[in-house]
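Which chain is which? The protein sequence lines are Y and V, in order. If you count by our numbering, then the first sequence holds residues 1 to 131, one letter each, in order. If you count by our numbering, then the second sequence holds residues 1 to 110, one letter each, in order.
Simulated from the structure, these hints should not be mistaken for lab results. These numbers come from a predicted model, not from an experiment. Note that CB positions come from ideal geometry on N, CA and C, so glycine has one too. Some hints here could point you the wrong way.
Sample of chain Y residues at the chain V side, in silico, Cβ under 8 Å [what the hints assert, rightly or not]: (1) Glu36; (2) Leu39; (3) Ile40; (4) Ala43; (5) Phe74; (6) Pro76; (7) Arg79; (8) Ala80; (9) Met83; (10) Tyr84.
Covered stretches of chain V, going by a simulated chain Y footprint (3 or more residues, C-beta under 8 Å) [what the hints assert, rightly or not]: (11) 50 to 59; (12) 63 to 77.
Here are some chain V residues the structure puts well away from chain Y; computed CB gaps all over 12 Å [as the list claims (entries may be wrong)]: (13) Met1; (14) Ile3; (15) Val5; (16) Leu10; (17) Glu11; (18) Glu14; (19) Gly27; (20) Leu38; (21) Leu88; (22) Gly92.
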Amino acid sequence: MSEEERTDDEGGVIKKFMYVNRRAPYGTVYALESLEVVLIGAAFDQDVSMVFIDDGVFEIKKGQDTAEIGMKNFSPTYRALEMYDVEKLYVSQESLAERGLTEDDLLVDVEVMPDSRIADLMDEQDVIFTF
Amino acid sequence: MPIEVSGKSLETDEEGYLANINEWEPGVAEVMSKEDDLELTSEHWDIINFLREYYEEYQIAPAVRVLTKAVGKRMGKEKGNSKYLYGLFPYGPGKQACRYAGLPKPTGCV
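Extracted from the complex, chain Y is given alone in its bound form:
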């Protein structure tokens, strides 16, 4: 938990929200739901970050093609996050490496970091949602 409370211009408390994405983008609805919650929540001016770990790193992989599975390819929407002022995107270095991926395979600018660092960041959060 953070020691000091930050407040916005109107005196509302700003909390640290972290959205942890651990699953492949298709096959379940988790990835899309997470993205929608983040976009909707962005209106509330909180301190938001997203983590991509385990198969969640595939959510932001370039070159997704969903034609054969009859689902909408929503991966371009991750590139809209910046306009919603969601700019803290953290990616697990280990998860990328285990899947043979590098930062160049990702479609948004992210900060790649070891899991130990992600664990430290988790300790600082007020709220963590896992999808």
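Keeping the supplied structure of chain Y fixed, place chain V upon it in accordance with the hints.
Frame of chain Y, contents of chain V only:
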């Protein structure tokens, strides 16, 4: 309720948004605006076309706050503000303009 556009019947959802974005044609905006008693000008079309490009690129209908910012970036400050956009689309530039553009209801609008 379906709407009639150039002799075709197009499905809409319960709030009047086009069910299938691929069925959009400019006539959709014409028909919808007529129902709202609004005459579309080139200024309206600039925003509608901008929204269609935005959706094409990001696969999302932007929240009004994000739309305002994006319009400002592309077309300048005199258009990228709520007063100008609400002047064009009195029911809300997010909802109304997205509807005319055939987009779904903006994510984050209730």
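Okay, the hints, checked on the actual structure:
no. : hint     : verdict
1   : Glu36    : holds, 6 Å
2   : Leu39    : holds, 5 Å
3   : Ile40    : holds, 4 Å
4   : Ala43    : holds, 5 Å
5   : Phe74    : holds, 6 Å
6   : Pro76    : holds, 5 Å
7   : Arg79    : holds, 6 Å
8   : Ala80    : holds, 4 Å
9   : Met83    : holds, 5 Å
10  : Tyr84    : holds, 6 Å
11  : 50 to 59 : holds (count 3)
12  : 63 to 77 : holds (count 5)
13  : Met1     : holds, 24 Å
14  : Ile3     : holds, 23 Å
15  : Val5     : holds, 23 Å
16  : Leu10    : holds, 19 Å
17  : Glu11    : holds, 17 Å
18  : Glu14    : holds, 19 Å
19  : Gly27    : holds, 25 Å
20  : Leu38    : holds, 26 Å
21  : Leu88    : holds, 21 Å
22  : Gly92    : holds, 14 Å
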